[in-house]
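Chain by chain, the residues:
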Amino acid sequence: MKKQTIRLSLIVGVLAGATIYAMKKLDWWHDDAKDYRQFESHRA
Amino acid sequence: MIKHKAILIGAGLANLAAAVYLIQEGKWAGSAITFYSLDDHGSNDGSRAAAQADDYWNKEHPLANTKGYIARGGRMLNYRTYVDLMDLLSRVPSATEPGLTAAEDTREFDAKHRTFDKARLLRRGDGIINAGHLGLNNQDRALLTKLVLMPDKDEEQLDNVSIADYFKDDPHMFTTNFWYMWETTFAFRTQSSAQELRRYMHMMLYEFTQIEHLVGVNRTRYNQYESIMLPLIEYLKQQGVTIILDKIVTDWTFKDTAMQDDITVTGLTVTDANTGEVAQVPVDDDTAVIFTNGSITDSATIGDYHTPARENMDYGIAASLWQKASERFYNLGNPDKFFADRDASEWVSFTLTTKDHLLLNEITRITTQVPGNALNSFLSTAPITPLGQPDVNMSIVVHHQPHFTTQKPNESVIWGYFLYPRRTGEFVQKPYIEMTGEDMLKELLGQLAMVDPGPVNIREHEAAIMASVVNCIPVYMPYASALFNNRAKADRPLVIPAHSTNLAFTGEFAEQPYQMVFTEQSAVRSGEIAAYHFAGIPMSHLVKTPRYDKDIPTLLRATKKMFE
Ligand SMILES: Cc1cc2nc3c(=O)[nH]c(=O)nc-3n(C[C@H](O)[C@H](O)[C@H](O)COP(=O)(O)OP(=O)(O)OC[C@H]3O[C@@H](n4cnc5c(N)ncnc54)[C@H](O)[C@@H]3O)c2cc1C
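Protein sequences, first through last, are from chains A and B.
Going by numbering that gives the first Met the number 0, the residue at position 10 of the first sequence is 9; the numbering climbs one at a time, nothing skipped.
Going by numbering that gives the first Met the number 0, the residue at position 77 of the second sequence is 76; the numbering climbs one at a time, nothing skipped.
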């Protein structure tokens, strides 16, 4: 029973890790607002 | 840098948008804004042919037959992604529907005339084909998925990669229904930029799932000039904005600085398009200059029923001025990438006006759909591409009638186009570029006859249809697809380039995050960014862009669609 729980948590952990890694690679949390900061005006 | 006055070079949609945002969000007085432009429609035209017969690009070869109507392009909008355009249109009254804003006008019309294309692709012998079957194989799917999954930060990996390069080991892609629909819905060519194709796959991912019916396509009540441009122009004039037409800005002066990289416009040379008279316009420290640095209808010429559109070799007035700036500053892009490769950018279109509805009714019978709902593309059966593959010969859009407010009830107007003007017709043995309006109509009738399910073939009505013609105006547009040309990210200047103190670039040849070209949406957004910059409005106030490429249900639906 205990062994099974460990195995299950390992699988879930690896899957979650892989998903987070893939999403990071895909720039999933990209902050669109950051793209526009280059156009922000500054006073003369 | 915050300014209090602006000179706008070009009065196309992008700059009209900039002016509206300066007034409404920047709280500027209209009198602080002056336009210098060749005309007030740019790519968004729509008028009687007589009004364009002797315009600047056509001066050397005016039309013999000036009857009928002309709109150089049909227009498809997409509310889901055209958020900035719809925001802009909600700020001005409609020019034709009293009591409605221009946005309400379009939404009201569109709600009553929903698009549901039933004959997106037609092929000789087969008639209407099942375009919903995209025909992708695993390699096509893998390459498309790679494009969709490529994040914004990596898009420079596709610098100078054409679509043909990207799919070089997968020529099958160019024989799929997906490609036939994608190239003709959006005007991609195989020479076009894979970087731009990636942007389209992101922004139009939602539409990918319903591409064969075009259900996401929204249309305006009338042509683009009357439904979109005129409301903006009338509003701006009421606000006291000065719009000076028939002027070409042919040169500019910049401030000399020690490092030579500060971009500050100090003066403009303005040439009268009719008289050639030249004037100098000084630009002071408190004035912003907002320039649309490319127009896909610059140098476009028109013909008539018996005359082909003559080829105009001009570089284009917008690109010529852009070039003068890019020669001086290193970070303002490369206009030649877009305007020195006509082979990649040119196409021809035509606007057909008839004095009865016979042809319209015949098209309705053959395509099984009422006017206003469709984009019909006719596929060749013979190999016609350099890879020896079949492709789309021509496409037509049958507008909801009337398409012009002055159109008579008995008249019909139909628009069509050929994406590759040097290819030879299937029914008239000439390259499309050499065809008269009459030849183009014959070509269309030939295509329709080949897909006609009967019982009485459209050929039986040919004489009556030819007799119903008021005019058929061919248009040659050397730069129509220039904005899709193969490019690197640095080939277009940023809307607000680094080191610029008073110059902004707007339109389809300015670089901005995420947006895709050949859309009224991106033109408007570029104007909005320029206005917010010079009025000192935080960019966080820009209209929010939806990201369907990060929407899980859309991604799942697109994945499913790839297997249909
Ligand atoms: C055939 C065709 C089909 C299209 N289909 C669609 C569609 O289905 N959906 C969609 O969303 N969009 C479509 N578009 C694209 C849309 O029309 C454009 O994206 C939009 O009009 C671009 O606006 P703009 O203001 O950037 O440029 P333009 O409309 O080209 O306006 C720029 C104007 O500025 C003038 N100008 C520039 N420089 C100078 C100068 N130095 N001196 C004087 N004047 C100058 C130019 O001559 C031009 O008149 C289509 C366009 C065409 C041509």
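Take these hints with a grain of salt, some might be off.
Unchecked claim - Pair by pair, the computed Cβ-Cβ distance ranges are: (1) B:Gly-535 to A:His-29: 43 to 53 Å; (2) A:Asp-31 to B:Thr-384: 13 to 23 Å; (3) B:Ile-1 to A:Asp-34: 40 to 50 Å; (4) B:Thr-268 to A:Lys-23: 19 to 29 Å; (5) A:Leu-14 to B:Lys-145: 54 to 64 Å; (6) B:Asp-261 to A:Asp-34: 19 to 29 Å; (7) A:Lys-23 to B:Gly-266: 47 to 57 Å.
Calculated directly from the structure, the hints in this document are not laboratory data.
In this text the structure is predicted, and so the values were computed from the model without any measurement.
The C-beta atom is built at its ideal place from N, Cα and C for all residues, glycine as well.
Each hint, compared with the structure:
1. Look at Gly-535 (chain B) against His-29 (chain A): about 26 Å separates their beta carbons, and that is not inside 43 to 53 Å.
2. Taking the beta carbon of each, Asp-31 (chain A) and Thr-384 (chain B) are about 38 Å apart, not inside 13 to 23 Å as hinted.
3. For the pair Ile-1 (chain B) and Asp-34 (chain A), the supplied restraint of 40 to 50 Å is violated, since their beta-carbon distance comes to about 21 Å.
4. As the Cβ distance of Thr-268 (chain B) to Lys-23 (chain A) is approximately 51 Å, the hint placing it in 19 to 29 Å is violated.
5. One distance hint, 54 to 64 Å for the beta-carbon pair Leu-14 (chain A) and Lys-145 (chain B), is violated here, with the actual separation near 23 Å.
6. A beta carbon spacing of about 24 Å between Asp-261 (chain B) and Asp-34 (chain A) agrees with the range 19 to 29 Å that was offered as a hint.
7. Distance hint check: the CB atoms of Lys-23 (chain A) and Gly-266 (chain B) are about 50 Å apart, consistent with the given range 47 to 57 Å.
Comparing the model with each numbered hint stated earlier shows that hints 1, 2, 3, 4 and 5 do not hold.
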